[in-house]
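*Asks:* Please take these sequences and the hints and turn them into a complete structure.
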Amino acid sequence: MEYNFREIEQKWIKEWRKRETYKVTEDPSKEKFYALSMFPYPSGAGLHVGHPLGYIASDIYARYKKHQGFNVLHPMGYDSFGLPAEQYAIETGTHPAETTEKNIARYREQLDKLGFNYDWSREVRTSDPSYYKWTQWIFKQIFNSWYNNDTKKTEPIATLIEKFNANGSYNVNAAQDEEWFKALDLEKFPFFGEYFVGEFTATDWQSMNEEQQQLILMHYRLTYLANSWVNWCPALGTVLANDEVKDGKSERGGHPVVQKLMRQWSMRISAFAQRLLDDLDTVDWSDSIKEIQRNWIGRSKGASVKFIVAGHSETIEVFTTRPDTIFGVDFVTLAPEHPLVNVVTTAEQKADIAAYVQSASLKSERDRQSDVKNITGCFTGAYCEHPFTGKQIPIWIGDYVLASYGTGAVMAVPSGDQRDYDFATHFKIEITAIMEGADISEQADASKDKPLMNSDFLNGLKGKKAVNAAVSAIMDKDAGRGKVQYRLRDAVFSRQRYWGEPVPVYFKNEIPYLIEDDQLPVTLPPIDEYLPTEDGDPPLARAKKEDWDVFEGDRMELNTMPGWAGSSWYFLRYMDPHNTEEFVSEEKMKYWNQVDLYMGGAEHATGHLLYSRFWTKVLCDLGHLSFNEPFKKMINQGMILGRSSILNRDKANPNTYVCVSHLEDYNEKFPSPEYKTVDERFQKLRIDIHLTDNDSLDKEGLKAWQKEYFNAEFYPKDSGFSCGHEVEKMSKRWYNVEDPSVLCDKFGADTLRCYEMFLGPVEQSKPWDTKGINGVHNFLRKLSRLYIDKEGVLLVTDDAPSKDSMKTLHKTIKKVTEDLNRFSWNTVVSGMMIATNELTEQKCHSRAVLETLTLLLSPYAPHLAEELWEKLGNSDSVTTQEWPVFDAAHLVESEIHYPVSFNGKMRFKISLPAEFTKDQVEEAVLAYEKTAQYLPDGKPKKMIVVPGRIVNVVV
RNA sequence: GCUCGAGUGGUGGAAUUGGUAGACACGCAAGACUUAAAAUCUUGUGCCUUAUGGGCGUGCGGGUUCAAGUCCCGCCUCGAGUACCA
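All residue numbers for the first sequence refer to our numbering, where the first residue is 14 and numbers rise by one.
Don't read these hints as lab results, they were simulated from the structure. Here the structure is a predicted model, which is why all the values come from computation and not from measurement. Glycine included, C-beta positions come from ideal geometry on N, C-alpha and C. Be careful, since some hints might not be right.
Stated by the list, open to error - Restricting the straight-line Cα-Cα distance to at most 16 angstroms, the calculated cross-link-like pairs of lysine to aspartate or glutamate (EDC-like) are:
1. K195 / E207
2. K779 / D802
3. K303 / E616
4. K824 / D900
5. K646 / E776
6. K820 / E908
What the hints assert, rightly or not - Just the calculated beta-carbon pair ranges, DEER-fashion:
7. N17 / K716: 33 to 43 angstroms
8. E687 / K745: 31 to 41 angstroms
9. E693 / K363: 51 to 61 angstroms
10. K36 / D297: 28 to 38 angstroms
11. E39 / M488: 52 to 62 angstroms
*Replies:* Put into structure tokens, the structure is as follows:
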């Protein structure tokens, strides 16, 4: 066999391992490059052809950078804590560690076949105690920190205690819940009294006992324990982060999610909202990911305004982005859950309000969201005062106001906001017009460019001026202030699950304390069943005291960390994976620094990619990192979609299957009274894609595939039979999954690597179609035939290469280099194909050309390149060779083929000496015989000559 | 609804700064080899056409330009994200 890829690939996999070709060490004499692919969760299903797409791309880039002389870190590992292994444990009793181990072995086997240049000695697994020891250590760092809004930085909790000791809470500007003091159990702080609003003196602080101080500090820490509304998923028995909930259902499994008040650990990511937003400008990520993060953070600038409730001491605080419309307020709406609802409601309205609150609480979050058109609400009977006019403004409640955003209350300006408008119209509330020239007879006018009216001191103003004037007036009245509001909520960090990192915390008198560093890691204790206890405690509650390797206080923390904990910092551990003293040494962290190229799916935009940025900022503020952002450049690979095969079954005659091109003809010939049209008549069944080849069905294969097809009848009976097809996500249940290992066995890893790149731009989603793989395989075979003949005899000569061959070579060096520099992986393959075609045509077997060609091939087809490199007589690895340099001298042409256009339409080409000036070209074109055909009078209106490129004649 | 992308042959796609639209590959067709098939090789392949020629062609309609897939304006379709966010 001329291109024996099986032999070649197996040989080099062994050799590379033996020679430790891909081992990476820190080398200060070389510039570093850090290429990273998102590590996978090792699922039971194994890899499909979609997974390696990004891995191959980053592998090619890493190899290319190594050729260019960079010291390249390109590691791989496993995000090995997760729900599926635990679900399997619940069903079968198998320890998740065992399942995980097995799945990792399968992943490794599949990955090894693909020829990646990973340094496996740096592998990390998030579920390995030597790894999660440091996840726990980072948790402790975050626990021991607070966010200083004055310095805009994370600071150790000690600096806060210093401030408390010096001045109490005065001069402390910390990121915390604005009304944190309301959550404090005042019975434990008798000296605060009922008017406590969160301020205390140094003397107060010093007179507090340990418990009291800890309770106060808990409201400042960057990770804190609090009763918060969480997304509870009963089916999974755990809480979920906001990004783990899609359309009111759990992202994994699609189970219903309800809101529940629970005492949970949270991470104060909201403190970083502005920095997470601002620093997006410093990273080279796709616009779409940046946009998704911006939307998720959801910054709105506006004002918070207080309305005094008539006859009460209470005020209602609202957030508005349009303080300029303050004179258009016709009512105030509270969320049904708003704490003041019970306080302000009048006796007459009590029953109605109670009924409405009750009905709203019964509706799930999902129902409330989907039911936008149905306007509901209820009047409380109470009024508040307009801060400027003193007008009595009715207070309503309505479920279009969300309790969880802003203050849970809005000042309704029906003339300027459509939802308020709809609400007012529905309940026949009078609408005040406040903008000149605005037509509000049909709908609200939300524009900012019309001058205000009926607005006292704002009359005639518009836009920013009006907003600023309104805000300063509101401040003068002491009725509020300008404010920036974010949608980003703190991230819930507790999971009521077993297979995750234990939180390094124990409780004494229900106060949490950290486990000492030298006791870490707190490892997972063995338990008898992976289910919650009968009391509803998390699975870890099943562990007895002696089952824990570390046990302190009254009890250990029973929650584990969420999936994103381990993945928020794994890129750091690759730098120094075996360090037992630190999570990463300062030296190695400074050397490898940020990830230069991060390859991964866009689906992590609001989860992993946001949390990693958050932890990086915390660790940077605390002095553990020298950089502020983890991933400098990111490319999101698209999804590879499957091409499902569809078999048409006659519903009237369920054992008969009809060829896709005979559906109408069959339906006419054998009409069915029940199913009239073709659409009604046929059931579309998905069958294993390996039973079809280019839609043509293997009938015997189908009969053998599943019992129900054993006696299948086909129409037409004897001629060829075609199935339909559908492009959709690759999934086991559609029988459309392609296993890369199977393709590796059939065509070789080098072919698969080239083919996955050849499919198109990596960022784009595209259907997987095995048909084209032959073409790419042929290319590699054709290329190898430049070096060796059918019998394996070396054809390479030391003859001087022809001018044409040198031109082909240098053209290709230029193309490959330029394309890789702009991350255009797909066009490199066609460039190499063109080179191969041309060199074959030129019968080029010259060493000078082929040696360099091998280098160009090496990132894409490393096994073949290594083999050819050895065949050329080299003993060192091709991976250590320097990247070829493009020499323009080889591309210089004596003649240039000018395309000649008339009025912009290309008509013919003319070959002219390269040194011709504009005038000479013009002259030559006019003298050319074919020109007369398009220019009968020989006199052009105008002539455009771009030397070396094009001629355009304007007729 | 809002935000961000994308629309090019039968298919995947190429065209990097406005300068030969459809590279490269698949598929298809014809031919060679063969008893036959597979494999391989050669040639052709955007559409229309009265065919050594001409016309039309990058979602649609306008515009700028000597020249537009590329730039500008308006629209349509598809995909992704997000959604009573005040």
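*Asks:* Determine for every hint whether it applies to the structure shown.
*Replies:* Do the hints match the structure? See the list:
Annotation: proposed proximity of K195 to E207 holds, straight-line Cα distance about 10 angstroms (limit 16 angstroms). The suggested pairing of K779 with D802 is violated, with an alpha-carbon distance near 36 angstroms, which exceeds 16 angstroms. Restraint check for K303 and E616: the C-alpha separation of about 13 angstroms stays at or below 16 angstroms, so the hint holds. Only pairs whose Cα atoms come within 16 angstroms are accepted, and K824 paired with D900 is accepted, the gap being roughly 9 angstroms.
Among the hinted pairs, K646 with E776 is consistent with the structure: their alpha-carbon atoms are about 14 angstroms apart, no more than 16 angstroms. For the given pair, K820 sits about 14 angstroms from E908 by alpha-carbon distance, which is consistent with the 16 angstroms threshold. Checked against the given bound of 33 to 43 angstroms, the beta carbons of N17 and K716, roughly 36 angstroms apart, stay inside it. Separated by about 33 angstroms at the C-beta atoms, E687 and K745 satisfy the suggested range of 31 to 41 angstroms.
About 57 angstroms separates the C-beta atoms of E693 and K363, a value consistent with the hinted range of 51 to 61 angstroms. Checked against the hint of 28 to 38 angstroms, the C-beta distance between K36 and D297 comes to roughly 29 angstroms, which is consistent with it. Between E39 and M488 the Cβ separation comes to about 56 angstroms, which falls inside the hinted range of 52 to 62 angstroms.
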